[in-house]
Every structure is written in C-alpha cells, then in structure tokens.
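*Asks:* In case you want the letters, here they are:
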Amino acid sequence: MNTNSIENVSRRRFLKGAFSAGALVLGVRFLPQVLWAAVREPLYGPDVKDAVFNPNLFVGIEPNGTVIIVAHRSEMGTGIRTSLPRVLADELDADWTRVKLQQGIGDARYGSQNTDGSHSIREFFDVMREMGGAARLMLVRAAAQRWKVSPDECETRLSTVVHAASGRKLGYGELARAAAKLPVPKKQELQFKPSSKWRYIGKSAPMYDLAGICSGKPLYGIDTSLDGMVYASIEHPPVLGGKVKSYDDGEARRVAGVRRTVQIPPFKPPYAFQALGGVAVIADNTWAAFQGRSKLKIEWDNGPNASYNSTEYRKMLEETARKPGKVVRNDGDVEAAFAKGGKIVEAAYYTPHVAHAPMEPPNAVADYREGKVTAWAPTQNPQAVQDAVAGALGIKKENVICHVTLLGGAFGRKSMPDYVAEAALLSKEVGRPVKVTWRREDDIKFDYFHSVAAMYMKAALGENGRPSAWLQRSVFPSLMSTFDANTMYGAPLEVGMGWNDIPYDIPNLRVENGPAKAHVRIGWLRSVANIYHAYAVQSFSDELAHVAQRDPVEYLLDLIGPPRIIDLKSIGYWNYNGNTEQYPIDTSRLRRVVEMAASQAGWGKRKLGKGSGMGIAAHRSFLTYVATVVEVEVNDKGELKIPRVDTVVDAGLVVSPDVVRNQFEGAAVFGTSVTRTGEITATNGVIDQSNFHNYPVARIADAPYYTKVTLVESNAPPAGVGEPGVPPFVPALCNAVYAATGKRIRELPLSKHNLKA
Amino acid sequence: MIRLKVNGVEHSFDGDSEMPLLWYVRDKLGLTGTKFGCGEALCGACTVHQNGKAVRSCVLPMSAVQGAEIVTIEGLGKNGLHPVQKAWIRFNVPQCGYCQAGQIMQAVELLNSKAAPTDEDIERAMAGNICRCGTYQRIRAAIKAAARESA
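Residue numbers (the numbering used here), protein chains in the order written: chain A, 942 to 1698; chain B, 20 to 170.
Calculated directly from the structure, the hints in this document are not laboratory data. Misleading hints may appear alongside valid ones.
[Claimed, not checked] Straight-line Cα separation of at most 30 Å, DSSO-like style, residue types lysine-lysine; simulated pairs:
id : chain 1 : residue 1 : chain 2 : residue 2
1  : A       : 1236      : B       : 47
2  : A       : 1158      : B       : 72
3  : A       : 1158      : B       : 24
4  : A       : 1144      : B       : 163
5  : B       : 97        : A       : 1582
6  : A       : 1158      : B       : 97
7  : A       : 1313      : B       : 47
8  : A       : 1238      : B       : 47
9  : B       : 105       : A       : 1041
10 : A       : 1551      : A       : 1693
11 : A       : 1158      : B       : 163
12 : B       : 72        : A       : 1369
13 : A       : 1138      : A       : 1122
14 : A       : 1649      : B       : 24
15 : A       : 1158      : B       : 105
16 : B       : 105       : A       : 1649
[Unchecked claim] Here chain A is said to cover these stretches of chain B; the calculated rule only asks that three of the stretch's residues, wherever they fall, bring their Cβ under 8 Å from a Cβ of chain A:
id : region
17 : 47-57
18 : 87-94
19 : 116-127
Glycine residues also receive a C-beta, built at the ideal position from the N, C-alpha and C atoms.
Let the hints inform the model, and build the full structure from the sequences given.
*Replies:* Quick look at the structure:
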C-alpha cells in the first residue's frame, strides 16, 4: 500500500468549477511509484518528485446527491476512465447511476498521470478504495450526529445512510454539507468492504462513454473547436534532425483559405518531446491547410541521420548480435557448459521498426494568451504536455493548462506530446487558438518508432533435449536515445522486459545486450521490448522442442521448471517497479496459464486438417502471466487465416472483466498486425512507408476469427492488462505457422515469407 | 453553389468544390462524429451515407454531392439510437471508439442490403474499415445480433 494521507479540501479552490459550494471534496496525498520517472525527470524544469506530495485524487458529492469522481488517467480504450472510479464508487457505496466523471487536467498534484506501462489499476487501486472509504465514513458520521446515534449503528446502501433500528435514511447529498465540516478519518479508522460485498469491483459494466462514442459525440481531441480557431498542417523535415534551408510559400499562400505560413525552428538535441520543426501552413479549415502545404517548396538540410538505411543497419545489428555484449544476467558458467558439448543449436531473429498508427492521428488545440497556454489534447501524459509546452515557449509549467480528451487510440504514441508543443508554438505566433492536425502520412513517417531489434540465441541440449546452457543476446536502439542521443545500450527497463527475467530453469544461463545507435525517434509501443524479446525466446523454445522431438507444450513446461519464486534482486531486475514481495516472478502462475491455455485449445486432442497448425507461447510482462495458443490455416496459395486464439491471463485481481477480455481480444489483433505486416524501413533517413496501403494493419479478415480469453480467478494484487497480451501472441502465431507449414519464421513480418508449401 | 442535405437539413456551400465532404461536415458544420483517419479511403473512419450508400467522405469532393442526401452518425437514429448502435452498446464493442462511427455506418448499409449477412458478407462489407484496437470479433457479433433483432 502507498503512503497515503487523505485531507479534506472542500474549501479549497483546486478544482474550481468542478464542484459547487457545499460539496464534500476529498483529496489525497500519496507517493506514487512513477514508472518512467527516470526517463522523464531530466527534461524540463523542476524535479517531478518534489511535486507529487500534493493533493491529487478527488471525489466530490454535490448537495443534490451527484457523486463526482475525477478520472485522472487517460482513456484510450482500456476502460481505465471507468474502472478506477468504479473502485472508488464501490467503497463509497455510491449509486453508479448517479456518478458523474470529471476528467482531471494535467497537474503534478495527482501524482503520475502518465497512462502507460499498464500500471493504473495496480498503482491506484488501494488509493481509490481509501478515498471512497474515507468519504463513506464521513457521511456515516454526519448522519449519526444528526440522528444522535452511534455511527456503528448506521450502514450505507447506494448513496444513502441508513439507521436500521429506527428506519431513518438520509441521502449522501443531504449529508454532504455536514460531512464536509468533519475531520478526515485516519486510515486506521477505515473499514473496507470484504470482497464478497463488492458491488462494482470484479463486475463487468459498460464504459462510461459508450453511448456517446456510438452516437458520434465530440469526445476526442480532434473534435475540439474554439471560437476564432485556425487550422494548421506542418511539413516536417523528412529526416530526423533536418532543417529548413529555404522555402517559398508563394503558391501555398494563394490557396483559398490559407492565411500564412510559419517556420518552426528545429529541436535542440535530444529531441525528447520537442517539436520536430518545419513549416506550418495556417488556414481557415483543415483541408485548406493540407492543400496549402502541398504547394510549399522547401529546400532541406537533412543532417547526419540521412545516412540511415534499414538494410545496412540490419546487417550491423545482426553482426553486433554475434559478438559478446554487455552481460545483464549470468547464472552458472555458460562457456564451460557449451565446451562440454551436447547438441548445439543457434538461431538469429530479426524484427523491424513498427509504427503505432492510432486511428486518431496526433492532433492538438492550443490557445496562447498573455504568457499562458490552454491546450486540449488526446494525450496519455498531460503533465508531459505541460513540460513540453513550457519548454517550447519558455514559460512556467504552472502556466500551461492541459485538458485531456478521449484518445482515439494511442498504444504509447500519445505519451509523447511533440504535437501539442507544435500547437502552442503556432498559437503564440498567430495570436489565435490553433488546431494542429497530423495527416496519416505524418503519423507514419514521424512516429516515435518501436525499436528494430536483432536477437541471437544459442543453446546446448543435453539429456532429453533439455538445455544445459543457454545464451541470448539482443541488440536494439534504446528508447532512452529519446532523451540522450549518445545512448548505446538498452536501459534496465528494456532488458528487463522479457530478457534478463527469462523464467527458465536452466543452470547455465547468460543474457546479454549489444550496442546500437538510434537514427530515428524511438518510443514505447504497447508492451515495448517484450515484443521482440518474447518473440525470440518463445520461438527458440519451440525450435528446441522440435530438435528435441518433444511436444512444445510439455517442453515449455519443462523449460519453466518446477513451481518456484525466481529472485533476481542480485541483477537489479526492475520488476516494472512492482514490489517483489507482492509481485514475485512465480513460475507456478506461469505454468498454470500454459496448462490452461493448452487444455482450452484442445492441444494434442483436436484433429487439425492439412495446412493447419497450433503454436503456443507464454510470457510474463507488466506483472501479468499470459499463455496463448494460436491456430492457423494456410491454404495452397500460402494464404493465412487465424480461426482461433486461446488466451489465458493471470492478472491477479481484475476490476472490469469484460473490459479486460476486450483488451486481450484486441492484443491478439494488434499482435496480428505486428506479425503479419508490421514493418517500417528507412532509405537515406527517410521513412519509406506513409499510409495504410504500404503500412498495412490487420483488417477484419486478417485478424483472428475468434479469440477466447479466460481470466484466472485470483486474489493476487492487480497487475497490468493493456499490454501483456501482445508479447506471447507474436511467437505463438509464428510457432503455429511452423506447425502448419514447416516454415520457421526468424524474421518479421510474415508478409516477407512465402508460406506456400 | 452546391446544395445538399445533411441529416435532413438543407445546406449550401460555395467554397472550394474539391474540398472533401469530410472536412465540410467536420470543420464547416461542426459534425465531428465523422472521423479523419487516413485521407485516402484506406481506413473507413470517415464513412457516411450518400443517398443511402456508404461512402468514404475523406475522398468525396463537394462537387460530387450536389443534391445529395448525406447522413452522418449524428443523424443515424431517427428516434433515438439505431438498432445497430444499440447492438454496439450491448456487445461493448468499442475500445477507444474512434473508428466506430465509420464501422456503424458501414454495418448499417450492409444490413440494409442484406438482412441476414453471413461471415463472408460481413468480411467483404467491413473490409475497408480498420479498427486498430482490434474489436472485429465484437463487430461481427454485434452485426449478427442487429440482424437477428431486425428480422
């Protein structure tokens, strides 16, 4: 549990406008574990850590009985905007039909708002319960005072305090004013509901915005409109770090509706979340801005990254992966074990860059007035918006207000607010509110890409084909290059994603990471380094099973070994910043999901036709254990279908089961895109892809026809659900392709392989 | 001067006749339920109905909608929600939801032309609509449920 102390802030003005006078408002002070803190802090301004000790999460109760809960995390489709408030509502015993959600603006007093790393429920579950529980107790005490009875005689039911003995009742609204005058109870005084009494936690409910989404309400960033607003589209330097040498906007300005152009200066390295630079066209509508932009004549100075060619870079990565790297885990003596002989198996795997391509391209509205900026943005990280805008304009972070809209997809892209900085810079320049809209081509070409990676694997197989020694080495440009251009090695959080935490029972095991310099912006994409690491480990495991002539499921369970806790403290394993007592690496949980997934899929039991096959993979990420069995059909023409996926998830306690199932169904589709067609390449520093015709993502017929998701019933503390579905899916699909066709996929995407028999 | 009806309301437009309908409904009429996804008719997020047919408004110039009746997601349900919208809600289809207006408009056209679509019909009709969150399985289930209910 976090160190929390709740305080009554009813008379404060922090949430000005959110609550009316007389409302009971609770705030909470707490110290969150800031997942990516190490990454974010050096950027701009004061240390984030100093700011998080301020009041942050809030519930308010209006005199009319409306319960207002602040959702302080960003909604991009994971349901978090609904799920966390429901945890609070449960402990408050609030009537959900009378709950109104208020999206929190960016404010350090909330603690970390960066909605990435699949940690929202894990980090805020207890806090939300305390918030709800404290408010409930204050309402009970207010009722008891009024009735002159002991609070112990009172209970609550759906936003009402009840005194059963006398049959008296008072609604929360009627008690709000009196409750607001009471001191906040101490944590020790709170009595939490037993899980058997939970009304909302663990029960499925529609997302708060469901009906609005289905009827086209203006909920997303791109739907924002302000009086006097103008529209901007920006031509970015084609190569990262490039500069405008000269430009001619004569023709652009003659386009009807175009007002002017604005040159945006290039960033100062490291690029971090700064605007890329380039030339913006300002117009009366989005179309005119796009049209004007197409008429710009710009001469560029491309700079040093114009040397970036994916074909040569790949060779470099693969050569590096063959050489000794930095050792990030070393159990036993791998070299001695290899020297003893046994059957040596080697394999190299390669995965290209991937783009996020959320359906809503990056966009933002900013309004600069007298040294202050108000921004509306689909962002995963409104406090980073404050930092980025403040840094770009040379103003104080406190002078940047960031309203968070719904996000039309994000997958990590919208943690990086360069596009909001652009809107703010332009608004200051033109003296009006500006809406920046990225075209899809901008989104694909100027993404913060998922890292390209090369993995080298080597094992010596002894008795029963069991590995006596295992060496694995990965090489990829680190996402830390975003903040330090000289970064050469993977950060602990990257090598700690399915690499040095490999949960196998092998006496001699060495894990290494080799150097690579980045030439494009690197960012985190749904499950990050877990994707290429799990792909290599789980593909190699399947290869070894076949060399050993053993069943892949039985072999995988043998690799995982007996139920035990794996202690990696000695190597400084980061464990997703989760406490290792609460969230150990527990192989019994990994074994269980493997066994359940195999059984659910009918592994070894179901007869499959010609050209069909099943593959399995299992992976722990974001403290959640997932096993996935993919079934494929490959026809005579080499065309692939995915009729069925069976995924079993142990994420500990699950707050919103149906939303979580939807996340894992979606992860299978996201994984399908990565595996089948996900590839971004560069030629002379320019990204070769631009839109969905040359960067295809899974369509309805490409995606799994049916994904069955089973959630393991668990009382373990809650873990991540947004990301962990992706890593095992990718190798499970490749292993299924092998089972169906005999073709081993050591390089992604599948579209590069001819699957014809 | 281009005259057209949007969700039953008459409008006239005398701007750039090459402007795609998408930007007219979004930027000029403020009907933002229709979404921008790709600008090249590759993703279906911008799908609206032109005289009852599903079209990609991001590549449909205003010159092509002279006299047309356009329906957007905002105008879909005559009295409350359309049965397809209700099915979407019942199956909790959306995740981020950004593509769903386009998906719904496409599905409505499918069900107007085919009361009981097969899996193949659904895959063909919905092939142009991308959902990056990956809600295809629920989209298929919701279309089938809406078909059953309208039968």
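*Asks:* Each hint needs a verdict: does it hold in this structure or not?
*Replies:* Right, here's what the structure says about each hint:
1. Pair hint residue 1236/A plus residue 47/B holds up; C-alpha atoms about 23 Å apart against a cutoff of 30 Å.
2. At roughly 22 Å between alpha-carbon atoms, residue 1158/A and residue 72/B fall within 30 Å of each other, so this suggested pair holds.
3. At most 30 Å may separate the alpha-carbon atoms for a hinted pair to count; residue 1158/A and residue 24/B meet this at roughly 20 Å.
4. Proximity of residue 1144/A to residue 163/B is assessed by CA-CA distance (about 25 Å); at most 30 Å being required, the pair is judged to hold.
5. Between residue 97/B and residue 1582/A the alpha-carbon distance is near 39 Å, which puts this suggested pair outside the 30 Å criterion.
6. The suggested pairing of residue 1158/A with residue 97/B holds, with an alpha-carbon distance near 16 Å, which does not exceed 30 Å.
7. Taking the CA atoms of residue 1313/A and residue 47/B, the gap is about 28 Å. The hint holds against a cut of 30 Å.
8. Restraint check for residue 1238/A and residue 47/B: the C-alpha separation of about 28 Å stays at or below 30 Å, so the hint holds.
9. Annotation: proposed proximity of residue 105/B to residue 1041/A holds, straight-line Cα distance about 22 Å (limit 30 Å).
10. For the proposed pair residue 1551/A and residue 1693/A, the alpha carbon gap of about 23 Å is at most 30 Å, so the pair holds.
11. Restraint check: the Cα-Cα separation between residue 1158/A and residue 163/B comes to about 25 Å, which is no more than 30 Å; the hinted pair holds.
12. Note on residue 72/B and residue 1369/A: the hinted pairing is violated, with a Cα-Cα distance of about 43 Å set against a maximum of 30 Å.
13. Straight-line distance between C-alpha atoms of residue 1138/A and residue 1122/A comes to about 29 Å, which keeps the hinted pair within the 30 Å bound.
14. Of the supplied pair hints, the one linking residue 1649/A and residue 24/B is violated, its CA atoms being roughly 44 Å apart against a limit of 30 Å.
15. A C-alpha spacing of about 15 Å is found between residue 1158/A and residue 105/B, which places the hinted pair at or below 30 Å, so the restraint holds.
16. Simply put, residue 105/B and residue 1649/A have alpha-carbon atoms about 24 Å apart, close enough for the 30 Å limit, and the pair holds.
17. Chain A is given as covering the region 47-57 of chain B, and this holds because 10 residues of the stretch bring a CB closer than 8 Å to a CB of that chain, at least three being needed.
18. Three residues within the 8 Å Cβ limit are the bar, and the region 87-94 of chain B against chain A gives 3, so the coverage statement holds.
19. With 6 residues having a beta carbon nearer than 8 Å to a beta carbon of chain A, the region 116-127 of chain B meets the requirement of three or more and the stated coverage holds.
When each numbered hint is compared with the structure, violations occur for hints 5, 12, 14.
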